[in-house]
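> All chains, full assembly: derive it from the sequences and hints.
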Amino acid sequence: MKAPSLGEFEELVLLIVAAQHDSAYGVSILEGLEKQLNKKVNISAIHVALKRMEEKGFVKSRFGGITSDRGGRRKKFYVITAFGKQALDLQYDVRTELYKKIPEISFR
Amino acid sequence: MIPPPPSLALKFLRWFCRADYLDEVEGDLIEIYELQYLRTPSSAKRKFIWTVVRHFRPEFIKAFSQNSNTTTMLNNNLKIAWRHLIKQKMYSAIKIGGFALGIAACLLITLFVKDELKYDQHYTNKDQIFRLVFEFEGEGAWVWFPAPTAKALISDFPEIEKAGRLLNAESFGAGTSEIQINDDAQIFHESGFTYADHELLEILEIDFIKGDSRSALTQPNTIVISEEKAKKFFPKEDPIGQTIVMKNNARGGPFTITGVVQLKEASHFQYDFFMTLTGVELWPGEQDFWNATNYHTYFKVHPNTNIKQLEDKLDQITKKYFAPAWVAAGDQGVEEESKKVSYHMQPVSDIHLYNEEIVDNLNHGDIRFVWIFSAVALFILLIAAINFINLSTARSANRALEVGLRKTVGSSRGTLINQFLTESFVFSFIAFVVALCLASLLLPYFNTLSGKALALPLAEWWFLPGLFGTCLLLGILAGFYPALYLSSFKPINTLKGNLSKGSKSSGLRSTLVVFQFTTSIVLIIATFIIHRQMSFILNKDLGFDKNQVLMIQGTNTLGDQSITFKNELLNLAGVENVSISDYLPVAGTMRDNNAFHKEGMRGKENPILGQIWKVDANYINTMGMNLIDGRNFNADMISDSLSLIINQKMADAMGFENPVGQRIQHFSRLKTVIGVIDNFHFESMKDEIRPLCLAVGSNSATTSVKMQTEDIAGTITSIERIWKQFAPNQEIRYSFLDDRFALMYQDVQRMGTILSSFSVLAIVVACLGLFALSAFMVEQRTKEISIRLVLGASLSHIFQLLTSNFLKLVAISILIAAPMAYYFMDQWLADYTYRTTLGWDVFIISSGLVILIAIGTVGYQSVKAGLISPTENLRG
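So the protein lines, in turn, are chains A and B.
Numbering-wise, the first sequence is residues 1 to 108 according to my numbering.
Numbering-wise, the second sequence is residues 1001 to 1876 according to my numbering.
None of these hints come from the bench; they were simulated from the model.
Since this is a predicted model, take the numbers as computed values, not measurements.
Among these hints, one or two may not hold up.
To be verified - Cut-off 20 angstroms, straight-line C-alpha distance, at most; resulting in silico cross-link-like pairs (DMTMM-like, lysine to aspartate or glutamate):
1) A/56 to B/1059
2) A/35 to A/11
3) A/60 to B/1311
4) B/1313 to B/1159
5) B/1047 to A/55
6) B/1724 to B/1560
7) B/1340 to B/1605
8) B/1062 to A/55
9) B/1566 to B/1731
10) B/1264 to B/1205
11) A/60 to B/1023
12) B/1540 to B/1678
13) B/1011 to A/69
14) B/1247 to B/1183
15) B/1649 to B/1599
16) B/1045 to A/69
17) B/1210 to B/1237
18) B/1340 to B/1311
19) B/1686 to B/1831
20) A/40 to B/1034
21) B/1706 to B/1739
22) B/1540 to B/1683
23) B/1229 to B/1272
24) A/56 to B/1115
25) A/35 to B/1034
26) B/1062 to A/54
27) B/1126 to B/1237
28) B/1308 to B/1127
29) B/1308 to B/1350
30) B/1864 to B/1779
31) A/51 to B/1335
32) B/1247 to B/1311
33) A/51 to B/1739
34) B/1232 to B/1731
35) B/1229 to B/1183
36) A/60 to B/1020
37) B/1047 to A/34
38) B/1151 to B/1202
39) A/51 to B/1265
Now the structure itself:
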């Protein structure tokens, strides 16, 4: 079976999840992303990416406790799995490998 | 303080979102909303709603079926329905097949009816557009008016905004003609010529593709042609400014084309060439002459006109215009006659369907056909629905245990009704799918039957939803009674096995079977009688011989050569006689209207209205008419130009004892009767034969050739060869007299074939039901039958035992149906002056046929039951 693919946007979300280890949830990911990318992102896209990656086994989730914030709704925290880290590594290796192959070009 | 997020959006989110995602999604959304509110309060709500909408996608939407009680039940019901359908293949097939046939028939007829109702509904001001109708008490109603009528309407009635005339009389050059385009040698035959005012095209909102309705026909000798003809004659050039010459028209042009129009297909108004009426004067002074009625007159009233008042006011026309004209023509009793005249405003949208009493010589639909067909469709559907009800209730015993058990474990009656309704819906749905396939297969056949070009409007937005809605409705209607009946069983009875096995025929079931057969029998009798009237018409002694007569059109273009042409034809082997005349005893040929008086009585007595046909000396023999007194015309006698041959009717109307030698006054000319012919039919048999004279005339467009040969094809080839010598630039065009005759009764024929198809369908569906019902009865009584056989019953006993019940029902149906059919068909035949008799034989034959079919259907089952060895059935 082919290894599950990791889309570009999914990769970004996964990186943020990994970076915010154990404290990543929808809104924090959104903020992190917007800060990094310097553009507006819709939360629905993040939710979709998270669901997909959870299905693929790149992340796993747990619920936080109930607080009076957020209309009494629980947060859902995400952490990267070993499999997810492996996918990230693979992606990173491929990119660096290819990057190294760029000949020295000077742009004046 | 931050206000709560929009509640409606939140509710929507909670409704559609998967429960296991809701915490996360809703929480995140609210958190973002609050953050957003702190930054830009104005757009926070909008953004919240937008984000909710963005979440409305498959990943987040819950699977509604998984956790809803109703859907689970629905799934279960569908499953049960399917199992029953599969388990009882024959009964299911009959239920569905019958239903599908009924629905397909209904569908086709609905298309037909819809098409008929569409006629002339497209005008933006259709409530303001009328056709003027003249009614003369005791004589009937018609649409022809004098030329100045339109002018008078405008000047005398301020309510009338516009009036326009149409002149489509063949005798003035409308109708068909041989034409030439510009100066080409090629001659074409074309039909659909008419004269029209440009106001008429405006009133009827004719679409102009080139030119416009205000100016197109304002100059003399201008013509407007249809798009179809423009494409035919000017595929590349611009038709505007080209000319057309009409060979058959004394005012034949050249006409300059000033417009191209597109006519609506669903309209009574169907012509291809509109010649202007500007500058047309049929004879000197005709345009102000009130004693000749040739023009159809249409008009448009101002909005909000009181129609009833205007209609009453129109009576002034008689006093102001007609009465003086009649007095001037020497008419006696103008006072009396004026009282009999009235005028009607026929709405343009009524012309196609509501025209039975008004004579206008156009092709019409008939609202009665629309009603009859709708009724037939409805009855076939009812018959099919009854099959459904009967089979479902009859087989109740097989479901009784199921019902009992379900109730015992807690099912309510409502749930059971739901279940049975779902089942009937499944049946009706499958039937609809089958019906749709059937209908599209049968559509070409139905189109030939009905003479229409119908298509299933699959692409229309309303069609499939509409069909689905009807399907749901029918499923519920047909399943309602069985559902109530089946769900009413008491569990204690069913589980004990007390319930009757459904072998007794219940009262309702019998009634329904009687209804089915009554309907079928009425249809069958109606079909028989229509066919009988048709064969009566086709085989009646018409007073002329319509067989082997070829009518060659367009001989007027031969000019003086036509006599030579005629003589050449007479020399051919196989040709018995040849006559040149446009007046032929079939509809659609030349007609006129004239007034005749006895000698010297003009201006003293009311005229006898009749026709005067221009014929030649060969006419009577070519047509095989019967000269009962006097002599035929003689081509060599010049004095015959003032001679007449009259029909018996004319002789009677004139009151002649010895007609030969009497003189008849035709306007100012006196003519001598030299012969009398037997009455012959020259109009539809709906009307009586009217007075008629034959006179010598020439310059006609039709040459009739009477053949007497075995080799018709060979003779026609020879005729064509001669034609080519005379008219190398013109295709020969001919038809057979008997074909043209049959065409006159096409609507009856059509009605007959459609009705017979549908009555066959009705009886098939009814018999399907009977077949299944009897099969079921036999199945229930197998043991009983076996025991009877063992005890010595013969096959005929068994046969009698099983069929007598059904035959009783069929007999009752016949008793009900016969008088009904008699009544309806007597009404229908009342239209015809010359009609067949309603003999008992029709009823006996139809009843016999139905009984035979019923016995065949039920008998098959009983014989099958009687032939099985009893040991097999009793062993189990």
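> Between the alpha carbons of residue 1126 of chain B and residue 1237 of chain B, is the straight-line distance 20 angstroms or under?
violated (36 angstroms)
> Would you mind confirming whether the straight-line C-alpha gap from residue 1229 of chain B to residue 1183 of chain B stays at or under 20 angstroms?
holds (18 angstroms)
> Would the pair residue 1308 of chain B and residue 1127 of chain B pass a check requiring their Cα atoms to be no farther apart than 20 angstroms?
holds (13 angstroms)
> Could you grab the alpha-carbon distance between residue 1340 of chain B and residue 1311 of chain B and see if it respects the 20 angstroms cut-off?
Judged against 20 angstroms, a Cα distance of about 15 angstroms means the pair holds.
> Starting from residue 1232 of chain B, check that the Cα of residue 1731 of chain B is at most 20 angstroms away, please.
holds (16 angstroms)
> Does the alpha-carbon distance linking residue 51 of chain A and residue 1739 of chain B stay inside the 20 angstroms limit?
Status violated; Cα separation ~78 angstroms.
> Residue 56 of chain A and residue 1059 of chain B were given as a pair; does the straight-line alpha-carbon distance stay at or below 20 angstroms?
holds (14 angstroms)
> If you draw a straight line from the CA of residue 1047 of chain B to the CA of residue 55 of chain A, is it 20 angstroms or shorter?
violated (29 angstroms)
> Are the Cα positions of residue 1566 of chain B and residue 1731 of chain B separated by 20 angstroms at most?
Answer holds: residue 1566 of chain B to residue 1731 of chain B is near 17 angstroms, not above 20 angstroms.
> Please work out if residue 60 of chain A and residue 1023 of chain B have their alpha carbons no farther apart than 20 angstroms.
holds (16 angstroms)
> Given the hint that residue 1062 of chain B pairs with residue 54 of chain A, does the C-alpha gap stay at or below 20 angstroms?
Distance of about 18 angstroms is within 20 angstroms: holds.
> For the pair we were handed, residue 1047 of chain B and residue 34 of chain A, check the Cα-Cα distance against 20 angstroms.
holds (16 angstroms)
In this structure, the hints that do not hold are numbers 3, 5, 24, 27, 31, 32, 33 and 39, in rising order.
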